[in-house]
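Modelling step: build the complete structure from the supplied sequences, incorporating the hints.
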Amino acid sequence: MLWAGAALAAGEENGAYRLGPGDVIQISVYGEPDLSFERILIGESGTFPYPFLGEVEAAGLTLAELKERLYRGLVPDYLIDPKITVAIVEYRPFFVNGEVKNPGSHPWQPGLKLRQAISLAGGFTERASRSKIYVVHADDPDHRRIRVDLDYRVRPGDTITVEQSLF
Numbered sequence: 733m734l735w736a737g738a739a740l741a742a743g744e745e746n747g748a749y750r751l752g753p754g755d756v757i758q759i760s761v762y763g764e765p766d767l768s769f770e771r772i773l774i775g776e777s778g779t780f781p782y783p784f785l786g787e788v789e790a791a792g793l794t795l796a797e798l799k800e801r802l803y804r805g806l807v808p809d810y811l812i813d814p815k816i817t818v819a820i821v822e823y824r825p826f827f828v829n830g831e832v833k834n835p836g837s838h839p840w841q842p843g844l845k846l847r848q849a850i851s852l853a854g855g856f857t858e859r860a861s862r863s864k865i866y867v868v869h870a871d872d873p874d875h876r877r878i879r880v881d882l883d884y885r886v887r888p889g890d891t892i893t894v895e896q897s898l899f
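Position 132 of the sequence shown, counting from 1, maps to 864 under this note's numbering, and the rest follow consecutively.
Think of the hints as simulated: they come from the structure by calculation, not from any bench.
All values reported here derive from a predicted model rather than from experimental measurement.
Careful, some of the hints might be misleading.
To be verified - Label pairs and their calculated CB-CB ranges:
1. D872 / G843: 17 to 25 Å
2. K864 / I812: 54 to 62 Å
3. T817 / S863: 43 to 51 Å
4. E858 / E770: 41 to 49 Å
5. E770 / E800: 15 to 23 Å
6. V868 / Y810: 39 to 47 Å
7. P781 / S851: 33 to 41 Å
8. P839 / E764: 25 to 33 Å
9. P873 / P781: 19 to 27 Å
10. Y803 / D881: 40 to 48 Å
11. P873 / I812: 34 to 42 Å
Glycine included, every Cβ here is placed at the ideal spot set by N, Cα and C.
As structure tokens, this is what we get:
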């Protein structure tokens, strides 16, 4: 078990959001309606289908990195100098289980703290421990439970577990 008060994911401390499965993005290519999409879901494998390029790997990339990947894929075989914009339409959710009133998935928002996430989940139950709260990051292949406090900054895809208090 690890302790991580307000720790942030690598790359998130400078505001660089990393895309992952479950994010919904918008891609616009100026003057190219066949290459522009209002909503594209990044699939479980971290990819999405895109014309001419096939499956595009998006997981772990920032919006700027994905834009660059699309640009490099389209130039010079398909377009000369495409004007591409990529935006997030919907962030992937986080999950809360254990001693909260409404466990389940909830929409993530930038800057979300654990105390706010607990509120989104209906608040603590009477038996909830305020100190035995754990998180498992979606991108951790070992699925380690990390002990966090109420000031922890929630990451998209996190699974938060609120343990039961002994008293």
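Lying within 25 to 33 Å: is that true of the beta-carbon distance P839 to E764? 31 Å, holds
Verify the CB-CB distance for P873 and I812 against the hinted window 34 to 42 Å. 41 Å, holds
Tell me if the beta carbons of K864 and I812 are separated by a distance inside 54 to 62 Å. 58 Å, holds
Confirm or reject the claim that E858 and E770 have a C-beta distance inside 41 to 49 Å. 44 Å Cβ-Cβ, so the 41 to 49 Å window holds.
Range hint 43 to 51 Å: satisfied by the CB atoms of T817 and S863? 44 Å, holds
Range first: 40 to 48 Å. Now tell me if the beta carbons of Y803 and D881 are that far apart. Hint holds: Cβ distance 42 Å, inside 40 to 48 Å.
When you take the CB atoms of V868 and Y810, is the distance between them in 39 to 47 Å? 41 Å, holds
P781 paired with S851, Cβ distance criterion 33 to 41 Å: Once the Cβ atoms are compared, 37 Å apart, the range 33 to 41 Å for S851 and P781 holds.
Regarding E770 and E800, is the given constraint of 15 to 23 Å on their beta-carbon distance met? 21 Å, holds
Given the hint of 17 to 25 Å, is the C-beta distance from D872 to G843 inside that range or not? Between D872 and G843, where Cβ atoms are some 21 Å apart, the hint holds.
If you check the beta carbons of P873 and P781, does the distance land in 19 to 27 Å? About 25 Å separates the Cβ atoms of P873 and P781, which means 19 to 27 Å holds.
In this structure, every one of the numbered hints holds.
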